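Participant: We have chain A already, so just place chain B on it with the hints.
Same order as they appear, the protein sequences are chains A and B.
Under the working numbering, the first residue of the first sequence carries the number 3, and numbering increases by one thereafter.
Under the working numbering, the first residue of the second sequence carries the number 47, and numbering increases by one thereafter.
Accuracy of the hints is not assured; some may be wrong.
[To be verified] Which residues of chain A face chain B? A few of them, derived with a C-beta cut under 7 Å, are:
#1 Gln-21
#2 Ala-43
#3 Ile-51
#4 Ala-73
Rather than coming from a laboratory, the hints here were simulated on the basis of the structure.
Because the structure is a prediction, the values reported are computed rather than measured.
C-beta atoms are modelled at their ideal positions from N, C-alpha and C, and glycine is treated no differently.
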Amino acid sequence: MKYILLFVCCTVATLAQAQRFATRDARISFLSETPVEDIRAESTEASAIMDLANGQLAFQVPILSFHFPKALMEEHFNENYMESERFPKATFRGTVSGLDPAQSGAQNVTAKGVLEMHGVAVEREVSGTMERTGSGWVLDAQFEVPCAAHDIDIPKVVTENIAEVIAVTLHAELKAK
Amino acid sequence: MRGWIVGALALSCCALTHGVNAQDDLMDFFDEGESPSVVTSAFKAGRIINVQSPETSGKGEMNFIIAHRFGRISDGWYALFGLDNAQMRMGLDYGVTDQLQVGVARSSFGKTLEANVKWRFVEQKKGGGSPVSLTGYSVLMRDGMRFPIDGIVRKDVHRISYVHQLVVSRKCSPELSLALVPSLVHRNLVDNAEMANDVGTIGAGFRYKLNNRLSVNGEYHYLLPRPVEDDFVNSLSLGLDIETGGHVFQLHVTNSRGMFERAFLAETTSRWQDGDLYFGFNINRVFQVGDRR
Numbered sequence: 003m004k005y006i007l008l009f010v011c012c013t014v015a016t017l018a019q020a021q022r023f024a025t026r027d028a029r030i031s032f033l034s035e036t037p038v039e040d041i042r043a044e045s046t047e048a049s050a051i052m053d054l055a056n057g058q059l060a061f062q063v064p065i066l067s068f069h070f071p072k073a074l075m076e077e078h079f080n081e082n083y084m085e086s087e088r089f090p091k092a093t094f095r096g097t098v099s100g101l102d103p104a105q106s107g108a109q110n111v112t113a114k115g116v117l118e119m120h121g122v123a124v125e126r127e128v129s130g131t132m133e134r135t136g137s138g139w140v141l142d143a144q145f146e147v148p149c150a151a152h153d154i155d156i157p158k159v160v161t162e163n164i165a166e167v168i169a170v171t172l173h174a175e176l177k178a179k
Numbered sequence: 047m048r049g050w051i052v053g054a055l056a057l058s059c060c061a062l063t064h065g066v067n068a069q070d071d072l073m074d075f076f077d078e079g080e081s082p083s084v085v086t087s088a089f090k091a092g093r094i095i096n097v098q099s100p101e102t103s104g105k106g107e108m109n110f111i112i113a114h115r116f117g118r119i120s121d122g123w124y125a126l127f128g129l130d131n132a133q134m135r136m137g138l139d140y141g142v143t144d145q146l147q148v149g150v151a152r153s154s155f156g157k158t159l160e161a162n163v164k165w166r167f168v169e170q171k172k173g174g175g176s177p178v179s180l181t182g183y184s185v186l187m188r189d190g191m192r193f194p195i196d197g198i199v200r201k202d203v204h205r206i207s208y209v210h211q212l213v214v215s216r217k218c219s220p221e222l223s224l225a226l227v228p229s230l231v232h233r234n235l236v237d238n239a240e241m242a243n244d245v246g247t248i249g250a251g252f253r254y255k256l257n258n259r260l261s262v263n264g265e266y267h268y269l270l271p272r273p274v275e276d277d278f279v280n281s282l283s284l285g286l287d288i289e290t291g292g293h294v295f296q297l298h299v300t301n302s303r304g305m306f307e308r309a310f311l312a313e314t315t316s317r318w319q320d321g322d323l324y325f326g327f328n329i330n331r332v333f334q335v336g337d338r339r
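Isolated chain A (complex conformation):
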């Protein structure tokens, strides 16, 4: 009897393993919108992984992978604001709720967890959509990041050029791992 149970247990573990979906080229872009100028940047080097068995979801993006239309903006972003050498990555780890793996079509989900960037971890609840595709899941989300919450200091002289709250857009195509 106990052998059967051990077998079942191991099978469950293996099944759980197969319910992992991941990508290394998720897209994260952001927009700082002010009357003076709009600053956009995008990274296509974000990684994401999700475990359907327990709903755990994690994102990670190298700060240096965000590219801007102007090289100087990129330098300022890394050197003055994000201090990307000291804090090279932004991460989110949390749990997704409201997902029905059997359902087809886009469904609204919520991820609750911790967003860490610029060395400051903030509890966040982010809503987005997930949609089952042939080989995995497509995940889309939009959320806002207030600079002050992550100790990102914007000097007075540039407050007209840089928004206090940054709009972030995220698109990940997760494939079975």
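Facilitator: Then chain B, alone, in the frame of chain A:
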């Protein structure tokens, strides 16, 4: 019954280890994909003070540099500590790629025109790859002064001189960057027959960040032995970089008055120990004129 208990125990154990592992496992996925990343912004501007840093203009970026070296500080009130009397250099540096830059400049010192090219051909990387960045710089200088009327026949080619250098740089920490800069100076014409046409220098420079917008910089160039005694001395400069957003202001004190390579590397005549110093600045203003992608 005993079987059930053992089984349940095994199951919960399994589930527990799985549960504990799950989050770490997820993060492991990120570590697996780790690749070496380029270390950027070792220095703030294209020059540490006088000498080239490893930085180049980004792709499509035009950097306008306006630099002044005033007169001797030791001239005192009479010349307002040198401010009455400025040498000027205006330059444009354009980024062909993020690593390759071409530039032109004009200095009032010797009425010198320059054309230069700079290429960072090895990037410093973190997590594997090169521990230093390597940047090559070559500049052609044309002396624009009228030839003296002394009976000696000079041709236009005699106005030309070249400097080739290699910048070996390492950003040691977010605050401290170092550079080692060996240079070769070639002059098509020198003042007298004994003087060597070629002279080498070994230079070193640093940048230390005080905060995100302010850094202390310094550089020193040692003139390698020459065949004959001359009046030329080693160049030493100390300064501050101030970043204001669109501009980088570099303020410094130096014993070299010329702002192009031949002048400050090989033809510096003022000495720190005599108090013959010049106050000066470089202002860098960047314009994005071309497409980045």
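Participant: Against the earlier hints, flag every one the structure doesn't satisfy and list their numbers going up.
Facilitator: 1, 2
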